[in-house]
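**Student:** Chain order of the listed sequences is A and B. Every letter in the first sequence is one number past the one before it in the working numbering, and letter 144, counting from 1, is 144. Every letter in the second sequence is one number past the one before it in the working numbering, and letter 60, counting from 1, is 60.
None of these hints come from the bench; they were simulated from the model. No residue lacks a Cβ here, since even glycine has one placed at the ideal position from N, Cα and C. Just so you know, nobody snuck in bad clues.
Chain A stretches covered by chain B per the calculated footprint, using a threshold of three residues with CB under 8 Å from any CB of chain B:
1. 57-70
2. 127-133
3. 137-148
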Amino acid sequence: MNPPEAQKEALAVLNGVLESNYSNFYRKKYKHCTKFDDWVSIPFLTRSEMQRTSFFDRLFIPLGDMDMVRPTSGTSGRGILLMPKWGKKPQSYKPPLHVKYIKQKSLNRAVTFSGAHSYYANDVRNRLGIDYLYLDPGDMQTSARLFNLYKPEIIYGFPYAIASLVSSLSEKSLAQKVQAIIFFGERCSDTQWRFIQKYFANAVIFSEYASIETQATIAGPCTEIVRKKEKYVHPLPDYVFFEIIDSSGETLTKEGASGELVITTISPVVFPLIRYRTGDSATIIYSSCPCSIKTPVISIDGRIEIDRLRIPGGELNLAEIERVVSQCQEYVTGGDFLVQYIEIKDRYGVLKPKVTIELSWNKKKKADSTVLAKIFAQTLRVAPQYTYADGVREGKYEPLTIQFLPQDTNMGKRRIIRN
Amino acid sequence: MSPDTQKKIYSILQFVRNNKHSSLYKNIPKIKKGGLELMFNRIPRTTINNLQEYSKNLFHYPEKDIRYLVSEFDPNNLKSLFLLPQRVDYEWSLLKEEVEKKDPIVAILVVPTFWQMGPMFYRTCRKSKIPVSVLSHRNLPLTVQVIKEIKARLVVTTPDIAIGIQKMLSDEGYENQVKRWHLIVPVGPLPRIPWLSGEINIEFHIFPGIPVGYLPYKFLKEKINGFLPNPEYFFEIENSTCFITSLISHALPLIRLQISKKAKKNIHKGKEIITIYEPA
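Chain B on its own, in the form it takes in the complex:
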């Protein structure tokens, strides 16, 4: 653990341990400054069930200026559905890099409305002065018409929806209209990525709207099975189990949250790659 990482985690621990609004992390032991690396393993681990239990009362959360995300990608999983806070000023840094690369003209988001990702998408794109279009995943012909008419080049969506859009664009002679796809997938094994025009970048989310890793196009082309960790989190892998700890002050900092039952860490071209074989 680098000194910089230790400093960041220490700061987060101080914040959550003494927090007057929340008792979620009340059992974190007192840690002296500089003693984090030795004491880290004594910090209790968190599971998604812990978060669900805690979220039964939404007034538990430490931050005031928040909005809510959902815990499930699949709206049919209603029993395990709960709400998680996100800071209203959260910057979706992984998307920001995409938006600022080349001018997408208008950036399009087509994900299930249920995922609550519209505001973070809007905020991130508008900060870079890119107009947006937030479209329903239930009307792909409409989405395709919009893409064609405004000559959109960047679409943020899921692999399944992307397949549908690409097929319709190809059928109408607009096969190469979209230059960049930014696909959102749940953290886990890399799903089968269909052929799509242009570049494909993949983001892995622990919950919809909470990205923990990304796979840029050049690594996808090299068939890397895994992702580059999001710098907002510290990853630890112990006995193949993967845990993450927030390095920035998220509205709900995650402290040693288990995200996978089976995972591995590798190095590829000097970059750390996390591969998740089985999500938690």
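Excised from the complex, chain A in its bound form:
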């Protein structure tokens, strides 16, 4: 799945973080690990671990060398996470495909929906001669006016923002002047993809994968993917060592397999990610490609929608949780809920599941969340003859907690979220 040199780089990153003079993060995390030669035995890194650690304790370079601090939006309900950003490139830096295309075509007017491109502006200006104009995705009318004035050839942005821009443009012919579109930040649906291709008919579309956590673009298309007008990507071997895992943590390698994307950053970043569970679902489309990139072609399918989660002794099953919640209709409104799952280390360094169920609470009924949590745990089966309370009693799980949210809270779809 990854070229041999990427595996070497990943191990080098691991050794580097363990010897770092700047941050203790991984030394603390791996305190109870005895061996590192078997990659799959190295514990995963989760978002909640990063959130529990102070931002400054996660810096592996001096503060003054860091360029930018970026927060995640916090709209997923998982709380915000601050991540650093650094302009350093890998030694064997190869620019993404869209950069080569832009240079080839001598394009130089770009609009972007990302404020973080302030960081890129000078660097890109120096290398490519591109000017950015910044558009606000929260104000399409003004963005369209700026688009009309500037007449760009390149658009960087989120698929939904670019699709919304089209409907605000007074001169649709300006869309024909666009020759390159670079997506990032979210999955592009098939509908959005077709819509954007139709209106920006002269544009080559490059779908890239990056996130605030990854601190860089880590996957992008090759000439073959672009030629076929597909929205797939190759994980970029100069930037990342990647894995796709199933719900039990086993690595998947066959074409057609879908699972969670796990990444280890191997390009220079302020906070190296080692086996970071991205929470994004990915599918292996082709295990090889005629292009020169030695990683498979994958599709990024969006956030993980988990309806079951393997835990020691059994599994958390959405249907089973629904059954238990429905028995408490007297206390909850709507029957909606959200299950937050994390793993907590006990004093011996053993990871234990901890489940919190968030419920929209009927204020008219008196309910004690502690009492309700005990009832839930005793009723919630994780295996045919084994309940969550059994697991707590045997020391396998942390006690289940219930959190009441205000009655009008929009819970969204019922789901299990692994943090």
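Add chain B to chain A, keeping to what the hints say.
**Tutor:** Structure of chain B alone, referenced to chain A:
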């Protein structure tokens, strides 16, 4: 007009008059070296409408290594919106002084994205090795979380946004977290400045990203209504009308640009103070 100022203006006039890329200032008369003070009033004045008309074709601008700013603070003023060039190596000297005073840890910018000020902010702070965070003005709770977590001490923003941030910080027990506020306001009468923790410095911009004056905290405390002129510009006030002329080679040098219909010049503690009562 001091000899140094004359020299600088002369150099700018030579540059714009003979410029092969731009005809915006083609009507500037020939001026002999040393004759600027006598001939200055014969140089045609420019208005913002002139700039808007000229900017309809972006290829008019004399400089190549430029990026663009916008002409309006309010995105609802779409009819009068146009683009203005700024040199990519422009140094935001008024902010630089702030950033270098004390270590802000991480400098934060929260202004409307539409104002295009991110790159100049980033460049200025990074030159002083200060990391930055450029945040959306649409999500103040997020901004407050960031300020708290990284213990930010310097925030560059507008008065309205600052009020919102300060209130949320106070509500969460972080009333004194921000030590210095650098507020951006349009050139005009000094707006009502809310109570904010720490020092407040105010910058007056003719267009977002083009500062023409500043009011440091000590003068704000003395309730001075006006600003110290940005040394990048020469200010002239004639019949209460205020005009500015670039003293450095901006991407779009401003030559006798009218910035106000009613203005006054005073001296306070040996410093020239410009008060704008009514912007142009």
